[in-house]
Every structure is written in C-alpha cells, then in structure tokens.
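Chains as they are written, first to last, in the numbering used here: chain A, 17 to 379; chain B, 17 to 379; chain C, 17 to 379; chain D, 17 to 379.
Worth flagging that the hints you see were computed from the coordinates, not collected in a lab.
Just so you know, even glycine gets a beta-carbon here, dropped at the ideal spot from N, CA and C.
Just to be clear, a hint being listed does not mean it is correct.
Stated by the list, open to error - Computed from the model, here is a short list of chain B residues facing chain C with C-beta under 10 Å:
#  : residue
1  : F25
2  : C45
3  : P46
4  : P47
5  : P50
6  : S54
7  : I159
8  : P240
9  : V241
10 : R369
11 : H370
12 : Q373
13 : N374
14 : F377
15 : K378
16 : F379
Unchecked claim - Here's a subset of chain C near chain A, in silico, CB distances under 8 Å, partners left out:
#  : residue
17 : T26
18 : S28
19 : W30
20 : V41
21 : D43
22 : G48
23 : F87
24 : R90
25 : T92
26 : A97
27 : F132
Stated by the list, open to error - Now the in silico label distances, taken between C-beta atoms and shown as ranges:
#  : chain 1 : residue 1 : chain 2 : residue 2 : range
28 : D       : F186      : C       : A269      : 46 to 52 Å
29 : C       : E88       : B       : S68       : 56 to 62 Å
30 : B       : G66       : A       : P202      : 55 to 61 Å
4 protein chains.
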Amino acid sequence: MPNSFGKLFTISTWGESHGPAVGVVIDGCPPGLPLTASEVQAELDRRRPGQSDITTPRKEADSVEFLSGLFEGRTTGHPLAMLVRNADARSEAYDEMREKFRPSHADFTYTAKYGFRDHRGGGRSSARETIGRVAAGAVAKKILQLAGEVEVRAFVAQIHDIIAPTVTKFPTLAQVEASAVRCPHPATAAKMISRIKRVRSKGDSVGGVIECRMRGVPVGLGEPVFDRLEADLAKAMLSLPATKGFEIGSGFAGTMLKGSQHNDVFVNKRGRIGTQTNRSGGVQGGISNGEEIVFRVAFKPTATILQTQRTVDVRGASTELKARGRHDPCVVPRAVVIVEAMAALVLVDHWMRHVAQNGSFKF
Amino acid sequence: MPNSFGKLFTISTWGESHGPAVGVVIDGCPPGLPLTASEVQAELDRRRPGQSDITTPRKEADSVEFLSGLFEGRTTGHPLAMLVRNADARSEAYDEMREKFRPSHADFTYTAKYGFRDHRGGGRSSARETIGRVAAGAVAKKILQLAGEVEVRAFVAQIHDIIAPTVTKFPTLAQVEASAVRCPHPATAAKMISRIKRVRSKGDSVGGVIECRMRGVPVGLGEPVFDRLEADLAKAMLSLPATKGFEIGSGFAGTMLKGSQHNDVFVNKRGRIGTQTNRSGGVQGGISNGEEIVFRVAFKPTATILQTQRTVDVRGASTELKARGRHDPCVVPRAVVIVEAMAALVLVDHWMRHVAQNGSFKF
Amino acid sequence: MPNSFGKLFTISTWGESHGPAVGVVIDGCPPGLPLTASEVQAELDRRRPGQSDITTPRKEADSVEFLSGLFEGRTTGHPLAMLVRNADARSEAYDEMREKFRPSHADFTYTAKYGFRDHRGGGRSSARETIGRVAAGAVAKKILQLAGEVEVRAFVAQIHDIIAPTVTKFPTLAQVEASAVRCPHPATAAKMISRIKRVRSKGDSVGGVIECRMRGVPVGLGEPVFDRLEADLAKAMLSLPATKGFEIGSGFAGTMLKGSQHNDVFVNKRGRIGTQTNRSGGVQGGISNGEEIVFRVAFKPTATILQTQRTVDVRGASTELKARGRHDPCVVPRAVVIVEAMAALVLVDHWMRHVAQNGSFKF
Amino acid sequence: MPNSFGKLFTISTWGESHGPAVGVVIDGCPPGLPLTASEVQAELDRRRPGQSDITTPRKEADSVEFLSGLFEGRTTGHPLAMLVRNADARSEAYDEMREKFRPSHADFTYTAKYGFRDHRGGGRSSARETIGRVAAGAVAKKILQLAGEVEVRAFVAQIHDIIAPTVTKFPTLAQVEASAVRCPHPATAAKMISRIKRVRSKGDSVGGVIECRMRGVPVGLGEPVFDRLEADLAKAMLSLPATKGFEIGSGFAGTMLKGSQHNDVFVNKRGRIGTQTNRSGGVQGGISNGEEIVFRVAFKPTATILQTQRTVDVRGASTELKARGRHDPCVVPRAVVIVEAMAALVLVDHWMRHVAQNGSFKF
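Given the sequences, and given the hints that come with them, work out the whole structure.
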C-alpha cells in the first residue's frame with residue numbers, strides 16, 4: 017500500500033491537487049481519545065497556503081470535515097476519516113505544461129510510470145497530499161501529549177546558506193511560530209525571510225534544513241533490526257516532497273569524530289540512566305534511550321521556478337518552459353508542521369508496537 | 017515483523033552473535049533464477065571478519081548452507097532459507113560487560129526494552145545479523161544483473177576526515193576491491209588504511225561515509241507517496257548498525273543552491289529522455305528517472321573501543337569499563353557489501369511492485 | 017490494519033451506520049482502467065436497502081461520489097476514494113437499546129472491546145460498512161472483465177430450509193436478478209420470497225446459503241502456503257456480517273467420499289489440461305487450476321428481530337428487549353453482490369501477486 | 017509474504033519435503049516466556065509420521081533444533097528460529113510421477129504457476145511444511161496457557177461417514193490422545209480406526225472433520241471489519257493442506273433456524289455477561305464474547321491413493337498413474353495438532369493486536 021504509512025497506527029492519504037478533495041483515513045487509532053475538529057484545524061492552518069507573505073498565494077481554507085470515527089467527542093477505535101475540499105485550483109495556469117516536462121519535478125517519472133499525464137498541479141505529487149498527513153499528525157500529537165507529555169517540535173535551522181545558531185533549549189511552540197519562517201532565533205529568522213523574498217522576486221527558489229526534537233519519549237521505542245526508530249523516521253522524512261537527506265544525532269558531522277570523542281557516556285540522572293552528551297540523538301541500537309530525539313531533514317529548493325528553463329516536451333524534443341501557477345519560493349517554513357506530523361506518527365506507531373510485544377502477556 | 021524487510025521480495029533475518037547460527041529466509045523470490053552457493057559465498061566473503069589487517073580478527077568461515085528453495089540449480093519460487101554457523105564466539109571476553117552498560121551501544125536500550133540482558137557480543141544488535149542481509153543481497157544482485165544488467169556499486173568515500181575525490185566514473189568492482197578499505201581512489205585508500213591502523217593502535221575507532229551508485233535502473237521504480245524509492249533506501253540504510261545519516265543526489269549540500277542552479281534540465285539522450293545534471297540522484301517524485309541513483313550513508317565511529325570509559329552499571333552506579341573482545345576499529349570497509357545488499361533488495365522489491373500494478377493487466 | 021483488505025489491490029473502508037457518510041479507498045489500482053461512476057452505482061443499487069419488498073425499508077439513495085483517482089475517465093494508479101452519504105438514519109429507533117444488549121449482535125463485544133457504547137444502528141458493525149466493499153468490488157469486476165473475461169456470479173442457493181436445485185450451468189446476471197431473492201431457479205425463488213415474507217410478518221428472520229462461481233480464471237492464481245486462494249476467499253467471506261461457514265468444491269459433503277471417488281481426473285480439454293469433475297472447486301494446492309471456482313457461504317438468520325427477547329442491560333441485570341428500527345428479515349439476497357465483490361477483490365489481488373513474482377523478471 | 021502468517025506474532029515456514037530440512041521463524045514473540053525444546057518436541061511428536069499403525073510409515077524423528085531467540089531458558093523477544101532435518105525422503109518412489117500429474121494434487125498447479133516441476137514428494141505442498149506450524153503453535157499454546165489458562169483442544173469429530181456424538185464437555189488432552197485416531201469418544205474411535213485400516217488395505221483414502229474448541233479466551237479479541245476472529249480462523253484452517261470447509265458455531269446447520277431460535281440470549285453468569293446457548297461459537301461481530309470458541313474443519317480424502325488412476329502427462333497426453341511412496345490413508349488424526357497450532361497462533365496474534373490498540377495509552 018504505497019499510500020499508507022504505519023503498521024498499527026496506519027494512515028492512508030488520498031486525493032490530488034486538482035481533484036475535488038484530499039483526505040486521510042486513520043486506522044488503528046486507540047479508542048477514547050478526546051478530539052475536536054478545531055485541534056486538527058489548528059495544525060492544518062499551520063500548513064495552509066497563503067498564511068504569510070513568503071508562501072504561495074493560493075487561497076485554500078483547508079477546512080477539515082470529520083466523516084467517521086468520532087462519537088460524543090472521543091475516538092471510537094474505528095477508522096477516522098477526514099476530508100478537505102480543494103477550492104482554488106486553477107488548472108489553466110498549467111496549460112503550458114501540458115506538453116512540457118518540468119525540470120526536477122515528478123512530472124516525467126509519473127508519466128513514464130503510469131502511462132498517462134495529468135499535467136495540472138502535480139496531481140498526487142503535489143504538496144496538497146500532505147494535508148492528510150498533517151491532519152493525522154494532529155491526532156498523533158494529541159495522543160503523545162495525553163499519554164506521556166511527549167512533545168514534538170520542528171523548526172527551521174537553515175534557509176539557503178543562512179544557518180541558525182545551534183538550539184540549546186527545547187524551543188516552545190510560540191518561539192517557532194513567532195516568525196513566518198518558523199526559525200526560533202529571531203535575528204536569523206529576519207534574514208531568512210528577506211532572503212526568501214529576494215529569491216522570489218527573481219522567480220527563483222531556495223531550500224533549507226528543518227530540525228526536529230522530541231522530548232519525553234519513553235525508553236524502549238523502536239524495533240531491531242529493520243524497523244529501528246531512526247530507520248522509520250528516515251523513511252518518514254524522505255517520503256516528504258523535496259527532501260534529499262536525513263541525519264540523526266551527530267549525523268554526517270559525527271563521521272569526523274573518533275569513537276572516544278563520539279561515545280555518549282552513561283550517567284545516573286536523578287535515578288534514571290541517561291547520557292551526558294547526546295551524539296546518539298536519542299536512539300541506540302534503533303531504540304529510544306530516553307534522551308531527546310534530534311534529527312535534521314534537508315529540503316532542496318522548490319523545483320517549480322518562474323524563470324525560463326530549458327527542457328524537453330513529451331515527444332523528447334528540446335523546448336523551453338516558463339512556469340506559471342502559484343508556488344512557494346521556499347517550502348521549508350510550511351514543511352515544519354509536516355515534519356512534526358510524520359515524527360509523531362512514527363512515535364505513536366512504535367509505541368503501540370512496543371506495548372503489543374512487551375505488554376500483552378505477563379509470564 | 018521487525019526482523020523482515022521488503023514487501024514482495026521479503027527477507028527475514030534471525031540469529032544472535034553468540035548463538036549457534038545466523039540466517040535468512042527470502043520469501044517471494046522469482047522462480048527460475050540460476051543460483052549457486054558460491055555466488056552467495058563470494059559476497060559473504062566480502063563481509064566476513066578477518067579478511068584483512070584492518071578488520072576484527074574474529075575467525076569465521078561464514079560458510080553458507082542452503083536449506084530450501086533451490087532445485088536443480090534454480091530457485092523454485094518458494095522460500096530460500098540460508099544458514100551460517102557461528103564458530104569463533106568467545107563469550108568470556110564479555111564478562112566485564114555482564115553488569116556494565118557499553119556507551120553508545122544497543123546494550124542499555126535492549127535491556128530496558130526486553131527486560132533481560134544478554135551481555136555477550138551484542139546478541140541481535142551484533143553486525144553478525146547482517147550476514148543474512150548480505151546473503152539475500154547476493155540473490156537480489158543476481159536478479160538485477162540478469163534482469164537488466166543493473167549494477168549496484170558501493171565504495172568508501174570518507175574515513176574520519178579523509179575524503180576521497182568525487183567519483184566521476186562508475187567504479188568497477190575490481191577498483192573497489194583493490195584496497196582493504198574499499199575506496200576506489202588508490203592514494204586516498206592508502207591514507208585511510210594508515211589512519212585506521214593508527215586509531216586502532218590507540219584502542220580507538222573511526223567512522224566514515226559510503227557512497228552507493230546504481231546504474232541501468234529502469235525508469236519508473238518507486239511508489240508515491242510513502243514508499244518513494246529514496247524513502248525505502250533511507251530506511252534500508254538507517255536500519256544498518258552504526259548509521260547516522262542518509263542523503264541522495266545533492267543531499268544536504270543541495271540546500272545551499274537556488275532552484276535555478278539545482279534543477280536538472282531534461283535533455284534528449286539518444287532517444288531517451290534524460291537529465292543533463294544529476295542533482296536529483298536518479299529519483300524524481302520518489303520514482304527512478306533512468307539516471308544513476310547516487311546516495312551516501314554516514315557511519316559513526318564504532319562504539320566499542322578498547323579504552324577505559326566512564327559508564328554506569330545495571331543498578332545505575334557509576335563505574336568504568338574497558339572493553340575486550342575483538343572489534344573493528346572501523347566498520348565502514350566491511351559495510352560496503354552490506355550497503356550494496358540493502359540497495360539491491362530495495363530495487364528488486366520495487367521492481368516487482370511496479371510490475372504488479374502496471375504490468376498485470378492490459379486495458 | 018483491521019479495516020483494510022488485500023495486499024496489492026487494497027481496500028480500506030470507513031464509516032458508521034449513523035455517521036455522516038461511509039466510504040472506501042482503493043490503493044494499488046492499476047492505471048488506465050476505463051471507469052465511470054455509473055458502473056459503480058449499478059452495483060451499489062443491487063446492495064441498496066429498499067430495493068424490493070423483502071428488504072429493509074430504510075431509504076438510502078446510496079449515491080457514490082468519486083473524490084480522487086480518476087482522470088479523463090480512467091484510473092490514474094493513485095488512490096481511488098469513494099464516498100456515500102448516509103441519509104435516512106433514525107437514531108431514535110435505537111433508544112431502547114441504549115442500555116440493553118441485543119442478543120447475537122456485535123453490540124456487547126464492541127462495548128467490551130472499546131470501552132464505550134454507540135448503540136445506534138450497530139455503528140461500524142452495520143451492514144452499511146459493506147457499501148465500500150461493493151463499490152471497490154465493482155472496480156475489481158471491471159478489471160477482471162477487461163483483463164480476461166473473468167466472470168464472478170453469486171446467487172442464493174438456500175433460504176431457511178428451502179434449497180434450490182444444484183446449478184448445472186453458469187447462471188447469467190439476468191437469471192440471478194430476475195427475482196428479488198436472487199435465486200436463479202424461478203420456482204424456488206418464489207418459495208423463498210414467500211418464506212421471507214412469512215417470517216417477517218411474525219417479526220422473525222431467516223438465513224441461508226449463497227453460492228459463488230467464477231469462470232475464466234487463469235491457471236496459477238493463489239499462493240502457497242498461507243495465502244492459498246481458498247484461504248483468502250474463506251477469510252473474505254467470514255469477514256462479512258452474519259456469516260458462519262465457508263466451503264469450496266465438495267466442501268463438508270466431500271468428507272463422505274473416498275479418495276477414489278473424490279479425485280478429479282485430469283483430462284485434455286481441447287489442448288489445455290483440465291479435470292473431468294470439479295470436486296476441487298477450481299483450486300488445487302491453493303492455486304487455481306483453470307476450472308470454475310465454486311464456493312458456498314452460510315449466513316445465519318438476522319440477529320435483530322422484532323420480537324421480545326430476554327437479555328441483560330449494560331450493568332448485567334436481566335431485562336427484555338423488543339427491537340425497533342428497520343431491519344432485513346433476511347440479509348441473504350442483498351449479500352449476493354457483497355459476496356461477488358469480495359470474491360472479485362481476492363482474485364484481482366492474487367492476480368497482481370502472481371504477476372509480481374512470476375512476471376517481473378525473465379531469466 | 018505468502019509463506020508467513022500473523023501480523024504481530026508472525027511465523028514464516030520454509031522447506032520442502034525432499035530438501036535437507038524444514039523450519040520456521042517466529043518474529044514478534046514476547047520476551048521472557050519460559051520455553052524448552054522438549055515442549056516443542058512433544059507437539060511435533062503428535063504430528064510425526066509413523067506414530068501409529070494408521071499413519072504413513074515414513075520414518076522421521078522430526079527432532080527440533082533451536083537456532084536463535086532463547087537465552088537461559090527464556091525467549092528474548094528476537095526471532096525464534098527452529099529447524100527439523102528431513103531424514104527418510106525416498107525420492108525414487110516418485111519416479112513414475114516425473115511426467116504424470118497426480119489427480120487432485122498441487123502437482124499440476126505448481127508446475128503451471130512456477131514453470132518447473134519438482135515431482136518428488138510434493139515439494140512445498142507436502143504436509144511436512146506443517147512441521148513449522150506445529151513448532152510455532154507449541155510456543156503460542158505455551159503463551160496462552162501462561163497468560164490466561166486459555167486451552168486449545170482439537171479432536172476428530174468425523175471420519176468418512178462415521179460421526180462421533182456431539183461433545184458436551186471440553187475434552188481433556190488425555191481423552192483425545194487415548195486413541196490413534198484422536199476421537200475422544202472411545203467406541204466411535206474404534207470404528208474410525210477400522211474404517212481407516214479397511215480403506216488403506218484397498219489402496220484408498222478417506223477424509224473427515226476436526227472440531228476445535230478454545231476456552232478461557234478473554235472477551236474482546238478480534239478486529240472489525242476484515243480481521244474478524246472467525247475470518248482469521250477460517251483463513252488459518254483453509255491454509256492447511258486438504259481442507260475444503262470451515263464453520264463456526266451453528267455453521268451451515270444454523271441456516272435452518274429462525275432468528276428467534278438461533279439467537280443466543282444474554283444472561284448474567286456469576287457476575288460476567290455470558291450467553292445461555294452458544295450458536296455464535298464464541299464470537300459476535302467478529303470479536304470473542306467470552307464463551308467457548310467452537311469451529312469445525314472439513315478435510316477431503318487424501319489425494320494420493322495406491323490405485324491406478326487415469327490422468328494426463330506433462331504434455332497433456334492421456335495416461336495412467338499408480339502412485340507409490342508412503343502416504344497417509346487419512347490425514348485427519350495427524351492434522352489435529354496442526355489445527356490446534358493454527359488456532360493458537362490466531363489467538364496470540366489477535367491478543368497482541370487488541371492490547372496494542374486498547375492498552376497502549378490511557379486517556
């Protein structure tokens with residue numbers, strides 16, 4: 017099921033950018049969770065286009081409709097189906113792309129794979145697909161919060177070559193949301209915003225890096241061998257549009273250290289076993305160790321730019337393409353909530369898997 | 017199934033470092049594949065300990081025994097079970113670890129998760145688990161070779177802070193195997209080897225980066241949305257012991273470019289549509305585009321070092337640990353064949369998934 | 017995923033009897049299938065309540081809305097989401113059941129399992145859940161028809177103790193639809209209809225047996241060992257509300273024969289290898305052998321009857337319950353299209369699995 | 017994965033009748049279960065050929081070897097791999113079948129599906145494949161016993177046309193094992209044994225019916241909608257060689273009753289809610305209701321008989337076949353332990369799934 021994610025807490029998204037609606041079904045949601053549409057809506061609003069002057073001007077209210085799985089304000093344990101209508105799709109903006117492949121876009125590979133061509137708005141490869149992920153992520157975050165005060169916080173750590181100082185304290189949601197770019201360091205945020213505006217003014221685009229932290233995660237989540245927590249996080253992140261890299265803890269930089277420098281020494285932290293440093297990023301042997309989980313995700317610059325680019329048409333002939341349509345000059349700020357959603361989904365799923373194997377029977 | 021990988025071409029590994037044997041079952045293997053034990057053995061020999069003077073001296077022949085799934089030299093379509101006996105396990109070397117947690121090792125998290133402690137040799141978290149992956153990978157590579165002359169080639173691109181020049185031509189197997197460190201650039205390989213020897217002489221360890229390339233991959237492999245080819249490659253790589261990062265194509269460095277610099281322009285390459293550059297790394301929208309697939313994996317320095325380290329014991333009291341046992345000062349050279357195996361497994365699985373959806377019916 | 021069915025052609029149903037809507041998402045549908053809403057609607061109309069005077073009078077148009085997965089009249093290969101609004105739910109009819117458990121109904125077990133109680137209309141256990149199955153089954157049948165002229169035909173073979181003569185010729189759809197009870201033998205159909213009317217007049221209910229046949233199925237579908245074709249058919253059928261038994265080919269009666277009487281002798285049928293008799297029911301060793309697939313499903317009498325029954329309330333105290341609401345005195349006639357849907361889904365899924373393993377590579 | 021069964025407690029079997037060995041890997045086994053090889057061996061001995069004078073004389077010790085997953089007498093939570101060597105395979109007895117298809121056997125369909133022919137002993141379709149199921153079932157039964165004193169007891173209810181009286185009390189293991197035929201009613205058992213001997217003397221075979229009961233099953237196991245407990249039991253049973261039917265509770269006979277006769281009235285049983293009768297067979301709405309689970313499985317007569325039968329050869333030409341080899345004249349007595357194994361596996365898997373969804377979080 018290529019459009020599903022998660023083994024026990026499973027989400028299935030559906031819908032295209034220019035179809036009537038997009039949505040998600042959550043299967044396996046624990047019963048009894050208090051949940052309101054406004055909690056889901058709040059997260060969708062963080063993802064929504066048109067929320068600030070550095071995002072695409074496409075106008076979408078992205079109002080969520082619950083179709084099943086709630087009864088008297090609580091989840092029932094049955095599938096939770098949610099739907100968001102598409103409103104402001106302007107297919108005519110894509111007319112020029114009817115016969116021309118957009119460089120570095122899913123356009124060509126989709127056509128080759130499926131043998132047909134829906135040139136409008138990227139179809140299923142559009143970022144609108146992530147609406148379902150964010151809606152499901154809102155449910156997962158609520159579970160984590162109620163179950164153990166687990167917090168999931170993503171933020172922008174880099175835009176183009178502007179790199180924010182290393183975060184030393186778990187950022188608050190307010191700190192992240194304080195700027196349109198979702199970088200909790202205000203001075204850097206201001207620079208990032210002007211950079212995005214500048215590239216947009218030239219019809220160009222930029223990428224960046226999102227960092228995500230999770231605190232309060234219990235020891236023991238993650239499965240050896242193939243379903244390590246970091247393996248499933250990596251898959252979750254690389255399943256997002258425009259991502260090109262993932263690293264956890266010390267990541268690529270850690271390859272520059274020796275073992276004696278890199279190892280996290282165990283210490284007794286007020287009665288629990290913890291580590292003095294956190295180069296492991298909160299996982300050891302694929303399993304959470306109780307420290308903060310810390311990972312980073314690389315996003316390439318948006319492929320659709322408003323400059324003339326050389327390309328080929330569907331017959332393979334050389335041509336030029338100047339895209340129209342409304343596109344984000346930088347997807348990274350809006351992707352923050354999507355990264356959080358996917359991280360929360362991974363955590364809830366692994367939590368259930370852990371309990372299934374280790375909590376079902378007493379011997 | 018945490019110990020299985022792949023949806024249609026599925027491998028399940030089993031076995032512990034200090035148990036009687038390790039092994040793998042492949043389910044879903046296409047029937048009719050010509051296969052001999054020596055082809056699998058050749059790959060196991062590349063992974064085997066004691067193969068050179070920069071690896072652990074543990075002596076293991078790692079001879080593969082086929083238990084099922086072959087008939088008259090060809091696969092039958094039924095499960096292919098393979099087994100390798102453990103020979104040279106020296107559990108007594110682990111006596112000091114009976115009560116002390118090894119820093120940055122799976123030791124503590126396994127104990128916390130499962131409620132018991134097998135202190136010997138890492139149990140299931142040992143790199144011996146990867147024997148099954150390599151054996152299965154040998155089968156996958158054979159399929160790819162016969163099916164379409166698809167080649168999978170990994171090599172060492174960095175050890176500690178020694179970085180090899182960028183590879184401009186697809187390396188041959190002979191070039192990779194020419195040095196014990198498996199870096200195809202001879203001068204760099206020599207430096208890497210002396211660095212590994214030096215850190216080993218101090219009881220220390222180093223990590224590095226493996227690059228993997230695949231050529232001949234047909235257009236169309238990979239599934240939107242969650243099972244993108246790069247998402248499954250990322251999961252496969254982060255499921256390997258000691259990995260901390262994954263990037264495809266331009267990766268983290270690509271975040272420094274603008275869209276106008278990053279986009280891969282489409283061109284007509286002797287009748288097929290290709291791209292002029294390959295910052296995408298061979299995938300667009302999660303689907304292979306016919307260009308070389310290029311990704312990199314970060315390996316941290318080996319956690320088990322032969323120096324005295326501070327740690328805590330199973331009761332949480334501070335103590336010191338000086339590991340004994342036979343350990344690799346750097347796992348990266350032996351991991352080359354494991355990276356290839358996992359990459360080949362991902363490719364075969366996605367190939368079968370692609371054909372299932374797009375080749376089963378004609379309308 | 018308890019609410020999903022199928023490994024490669026996967027359906028996920030959602031929705032409750034008294035919620036706003038019910039629906040289904042198909043994931044893995046081959047691209048390029050010509051499909052219209054009216055083709056799906058035609059099947060839903062066969063399942064719909066109020067279609068004849070022997071079914072529940074609940075009024076539901078059951079109009080299907082396509083939300084995704086179609087483009088210019090063909091499937092895209094992406095999720096096909098379909099939705100049907102609930103219209104005529106009368107929750108107040110269930111007021112008496114707010115505190116009393118309905119005998120032989122999912123009511124008690126759902127309450128015990130999930131820890132809450134949605135007394136209205138059965139919630140997720142309602143037959144309205146099968147709308148999604150029928151809609152997905154319409155797509156599967158279309159695939160089978162276009163792919164190989166495979167036909168799936170179910171019909172009523174028994175109502176209460178009225179047993180239709182053995183079918184000797186594959187019935188046409190018209191023959192099945194000729195009577196409200198969907199028994200292709202007209203004289204028996206008439207008796208069945210009057211039996212259903214008589215028991216309804218007494219507030220009682222009856223069950224029966226549906227037979228299903230599939231012809232044109234290619235040799236080779238079904239997987240040893242656990243995913244035998246008959247195993248997946250059995251699961252599909254026992255997943256339907258009110259089913260208590262499944263048999264294929266000679267079934268339970270076949271246990272009365274000796275091997276020499278039961279074996280199906282192989283013969284050469286105009287160039288293809290076939291069997292003279294079909295006690296195997298079209299499968300051998302779990303794999304289709306090219307003969308007609310023939311199976312039967314037992315449905316118990318509807319649990320909800322309009323007579324006073326003894327029961328207990330939610331606190332375990334003895335009480336009496338007289339159900340109101342609108343219920344089928346016999347679900348069997350409407351279940352015919354549901355049986356066909358599930359059978360078609362199993363077949364398409366196995367077809368794709370077969371091709372994936374046996375058609376992906378040539379050696 | 018056609019050779020795997022179970023979602024959370026997953027078994028994967030491998031091995032052919034005439035290969036070197038058969039085996040099983042259990043993935044997801046809870047850690048800490050006390051387990052010895054002799055407990056598994058005891059179950060294998062109940063399945064073993066040559067155990068009595070009504071079974072095949074093939075001599076196989078069927079000694080189990082544990083390869084992984086146990087440490088100091090307890091399961092570790094990691095894969096439990098078990099292996100049984102084949103000893104007495106006599107491939108030459110199958111020479112006549114090299115070119116002739118055995119009627120009602122997997123022989124033809126396997127050849128058609130996989131494009132090659134292993135004529136010896138049925139290959140993967142052999143009953144030897146069930147060794148792995150029985151070994152895994154022994155583990156599942158141990159879990160059920162320790163977790164909640166859940167008992168699983170199968171027995172022979174019918175051989176050919178000899179039907180045992182309805183069981184009114186849960187039979188003890190000793191009562192079942194008292195006769196070679198495993199019918200707990202001694203007088204009927206004697207008749208069954210002489211029937212089997214008589215048909216064997218004529219080179220013929222018979223089938224029969226196994227009934228299975230489970231008591232102590234907690235309320236709440238089973239998942240709506242597709243993964244109903246009875247659906248997974250039906251699949252498990254129809255995945256066994258030679259099965260043709262499954263029914264639960266009132267089964268096919270229940271179709272002869274009216275709703276007012278069939279419904280199980282709820283009563284207060286010393287503080288717990290139970291039912292007065294058990295036509296439901298222990299499940300309602302797909303979920304266990306705390307009553308005994310009762311189901312029956314139909315086995316056809318053994319296909320391989322020692323009489324001359326008409327058939328075709330691999331080229332489709334008419335011919336005759338007189339099988340040699342050592343075959344059971346009736347597989348039903350040996351299948352008793354296999355039915356128990358599969359039932360126990362389904363129960364453990366659903367138990368873990370139930371806890372995962374309903375026990376992971378408290379709100």
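Exercise. What are the numbers of the hints that this structure violates, sorted from low to high?
Worked result: Going through the list in order, the structure violates hints 6 and 28 and respects the others.
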